[in-house]
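Chains as they are written, first to last, in the numbering used here: chain A, 1 to 320; chain B, 1 to 320; chain C, 1 to 319; chain D, 1 to 319.
Since the hints were made in silico from the structure, they are not lab data. A couple of the hints might just be wrong.
[Stated by the list, open to error] Simulated pairs of lysine-lysine, DSSO-like, Cα-Cα distance not exceeding 30 Å:
id, chain 1, residue 1, chain 2, residue 2
1, A, K30, A, K261
2, C, K303, A, K30
3, B, K261, B, K30
4, B, K30, D, K303
Nothing here was measured: the structure is a model prediction, and the numbers come from that model.
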Amino acid sequence: MTSNAGQWLALHRSMCRIRAFEETALAAHKAGNIPGPLHVSIGQEGVAAGVCLNLRRDDRITSNHRGHGHALAKGAGVAGMMEELFGRAGGHCGGKGGSMHIADFSVGMLGANGVVAGGIPIAVGAAQGIKLLGQDSIAVCFFGDGAINRGPFLEGLNWAALYRLPVLFVCEDNQVAAFTAARDVTAGPGVVARSEALGVPATTVDGNDVVAVDALAARLAADVRGGAGPRLLHAMTYRHTGHTSTDVAAWRPADEVAAAKQGDPIARLEARLIAEGLASAAELAAVRDAALAEMQAARTAALAAPWPDPATAYTDVLGA
Amino acid sequence: MTSNAGQWLALHRSMCRIRAFEETALAAHKAGNIPGPLHVSIGQEGVAAGVCLNLRRDDRITSNHRGHGHALAKGAGVAGMMEELFGRAGGHCGGKGGSMHIADFSVGMLGANGVVAGGIPIAVGAAQGIKLLGQDSIAVCFFGDGAINRGPFLEGLNWAALYRLPVLFVCEDNQVAAFTAARDVTAGPGVVARSEALGVPATTVDGNDVVAVDALAARLAADVRGGAGPRLLHAMTYRHTGHTSTDVAAWRPADEVAAAKQGDPIARLEARLIAEGLASAAELAAVRDAALAEMQAARTAALAAPWPDPATAYTDVLGA
Amino acid sequence: MTSLVEALRLAAWQEMERDPRVWVLGEDVARGGLFGQYRGFLERFGADRVVSTPISEAVIMGAGLGAALVGTRPIIEMRIFDFVMCAMDELVNQIAKIRYMFGGQARPSVVVRMPHGLWRNSAAQHSQVLEAWFAHLPGVVVVAPSTPADAAGLLVAAIRSDDPVLFFDPKNLFGLEGEVPAAIAPMPFGHARQVRTGDALTIVSWSALMPAVEQAAVTLAARGINAEILDLRCLWPWDEAAVTASARRTGRLLVAHEAVEAGGFGAEIIARIAEHAPGIRVARCGMPRVPLPFSPPLEDAIKVTPAKIVAAAERLLAR
Amino acid sequence: MTSLVEALRLAAWQEMERDPRVWVLGEDVARGGLFGQYRGFLERFGADRVVSTPISEAVIMGAGLGAALVGTRPIIEMRIFDFVMCAMDELVNQIAKIRYMFGGQARPSVVVRMPHGLWRNSAAQHSQVLEAWFAHLPGVVVVAPSTPADAAGLLVAAIRSDDPVLFFDPKNLFGLEGEVPAAIAPMPFGHARQVRTGDALTIVSWSALMPAVEQAAVTLAARGINAEILDLRCLWPWDEAAVTASARRTGRLLVAHEAVEAGGFGAEIIARIAEHAPGIRVARCGMPRVPLPFSPPLEDAIKVTPAKIVAAAERLLAR
Ligand SMILES: Cc1ncc(C[n+]2csc(CCOP(=O)(O)OP(=O)(O)O)c2C)c(N)n1
Ligand SMILES: Cc1ncc(C[n+]2csc(CCOP(=O)(O)OP(=O)(O)O)c2C)c(N)n1
Ligand SMILES: [Mg+2]
Ligand SMILES: [Mg+2]
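With the hints as constraints, model all of the structure from the sequences given.
Here is the structure:
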């Protein structure tokens, strides 16, 4: 048990930091300090944390429009992320990307993506490049349940299986795509069957049980790194909030939302940590407070941070 | 048995006409009378014939780049087809399309397609339109094994299953895409598994046994017409020739080609007709000769037919 | 007064009431669409005619075509222009070509709605203005209105047209108010709207940039410069006669558009004038060849503004 | 003498010998490619660097980008230009934007090869010329050579470039013979080639239309009209200085291209000249806004020919 303590506490801290970052960002967006659309993953932190804590710095990830958690869990700098959301010069992308285009190549975060399934071909190619260069890092591709209805899902999985590429696909199944329930737009038995029909072994896990996600991700990442070829991790989870910060998702049945919130991955892990005597409620609260303090400090700093020099609007178009 | 005679002889005649049309076209292409690329389906006639003899005139089909057989079996006029290949004014498309863009809307042939998988979304939409209009015709979508690696395959099957559309997908699996063997570019268990993972029940048949194709197509077309939703017919077959009229496909193992030619669907049906006493060798030869005579007459006519008026190059761009 | 997005909603509603073959497909349309442009459609017209789709742009586009071929009139909703990049084979190789390729047998009676342009700092993948691409593409009509009345009239015409009409909804102007008749008549394609008369120079623009052009004209007027303004409304067919006549009158032509200047539709307009009405002084005002940045000061730096239009006009007058 | 397609084969071969990070992916490339432009590559460089792919254009394009991001230099082979329509999100929304969107973190070092243009009556879906679209698209370099030496030198430069280079192979000129040096040096982008000097007018063209332009010049010369000819070679960056200098010298500029005239890159060239060098007489010669028909007499009716270029030149001189 205690052998788990370190990892479990790390998972807890990772999730708390994601939650704190996004709650802080939501508040800043409401306050008018964050321009553009904001997609938060509150309720889904177990997936990002459980997967990314099993990755090395030289592993690569691609993400989607709801990517703050993936970036943070992969080690992206908080200041650079918050400043990017604020559109400031110190943002990871110099303010050119914003929330939907966060990237931190220094930690292998190859970018969020504003196009559903847009990260799939890129992750597959990253894995192919890694293999060509003879390296032993892997690529991890995060996408939502909505992405499995776009062509690149089929093309990318077939391709990854064909060339036995070191890529782990992670389908974050929050059962909704924008304003439409996944079940209303997805035919057949689902993502696992689709994945296996394309030659990619797939496993479903309760994405709100971060310990289970961590265990499965550890196994699949090891298989992929070991040369077994691609794998798909299907994590069932739930989006507590609306699609964007301005969407209240009023159409969702209240009891469904309420029930889902019971499954909050942070609360579940905390209950378990306490039950197994690995941490006290006070210790866990301290972690949450520390995370919130960190993010609020980042918010304060971002608000005071300089705007980009308008001249930089013309740079980074072509590198040559 | 004799109850089958009529249908079997119709299948035989249909296949012989396709074979004769394409052998005639190949010769005309070699003679320099047919411009542009020419993709023939010699060896695959059992699929087009077996499927289309189960369709009504008001059923629609979409085809691919190898579509002569589909068009002929659906009832497209031979003169208009041959003239289209020759680029003459009397072609179904007035010479604007050519072999890769044969269409005859008057018999529900909604067009060949120069883009692999290009016909899938169109067929799905035709089925959706038919359903919206409350008609009881169906759409049939022909594509090759190469098309199952393109995104529209996934998007189209998921969509058809979702809305329970009256569309029959027909995968003509000749085990090759251009110059590459299907097995070298297709991961996983194959098209049937992919189809069922997308909610579309699928069945494999020996595409060179036209009687089997006919029986299966009859059942699936009836299911689809009856409102059961989409179905996929997977027909195993073989392309006797190269990819285009100028490709000799020298890379294919000679024994593989030789073995495949043993399975010629026309020869197999003739053997069966004779064995079951439904036709004599002479009668069958007469059918073949009649088909060849018909196509040669069409070739002669096409060669003498007028070229399109250059002024027509400017028409049909916009209809308004 | 009616907002532009409401005018579009009313226009589509009117046509769906009028013709049972008209239907709409796209993501979330049964929930009213991303901008409320289909609000109430599901309740009124039912799920067979108001089809919320999977995120499958290729089939959204291609199924619209297939359904048109059997006699329906689909409104294909792309949600945001940039996503049409996921459906370009269906649009460019199929929809735009099918009537011609098949010698006139096909009737691709689709409207492809693509809310485009800058809007709320949406950055590089949600703000593109590539309308010029489609003016260069044979087989399609290209519409880009800027007022509620024009948007409504042109959408009605688009829905009734047997040609594929690419309808660029100006998403940044959805809130713009204007008068819209109770019965919306189809507005013929290819006719520019004279927004303002003047003698000093002619400014041609369209879509979301029109308000900026009108502001610029006010500033110029205050400086004693009377600009004549034309709203092109359609990029193909486009009203070359009106543009030429006005430019001949004023002797100077400025084309301003939200799109990147290099290779934008302004280039075609200027080239036609230079070829067929030599002697007229010409200039363009568009964005630099740069993707859209997220940060407001960066977006402000590259986007076309009233001040940039005024400066371009004064430079042109100084020549 | 070396054919253009062989020159391209040698250029890619040289770079794959030189840099192990260079590799090629696309349909049938392990069989030498559709045009033999990769003949022998599999045997020499192996299946990991010469990857015959499924018919999955979206991933061919997107995987090329992903592989570039981790430090390789992919040559993305599209087989025929028209199929890039199946990969436009990956090209337009991802490859062209990634360096900018991420503030310079990404290095999209890919070459996208797209054999384009008219070729053997391939009809509407295999003959398109849409190069102008990409000149209008921020974030990409656009190359369109017309000789074996230029094709080889520009391909070497494209492979070594850290920018996404859209390389338009002139498939109709693959058989064209010319001299190619044993060691192919990279040719800098953006420099036009002076094909012919003259004083009567300047004709600018590029890619597959160059031979027609040269034939036209011979006809014009026989009529005592000396045309100066520039092969632009690159559409972005393009050699505005050379075009302007020549046009100022001759006083007349004709831009001829295989693409549709309306909205083609000729419009951009003419617009720039009209704005910055007023007084020069300008004209264009391109295809009508019509898809490519299959039948030879129909294709001949709309395609740009030496006779049409001569006629356009004489009309321009008569003005
Ligand atoms: C190709 C494409 N189509 C549509 C959109 C608009 N859009 C953004 S997010 C989204 C829903 C995505 O759902 P999912 O993939 O399940 O991710 P989630 O939002 O649930 O995390 C849609 C439709 C897009 N960004 N890209
Ligand atoms: C999107 C697209 N990519 C590539 C091509 C070039 N191409 C034409 S046919 C073909 C092979 C198709 O194989 P398959 O679908 O199995 O049909 P078959 O030729 O075997 O009948 C290819 C790659 C194309 N036409 N469209
Ligand atoms: Mg989801
Ligand atoms: Mg095949």
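Hint numbers the structure violates, sorted upward? none
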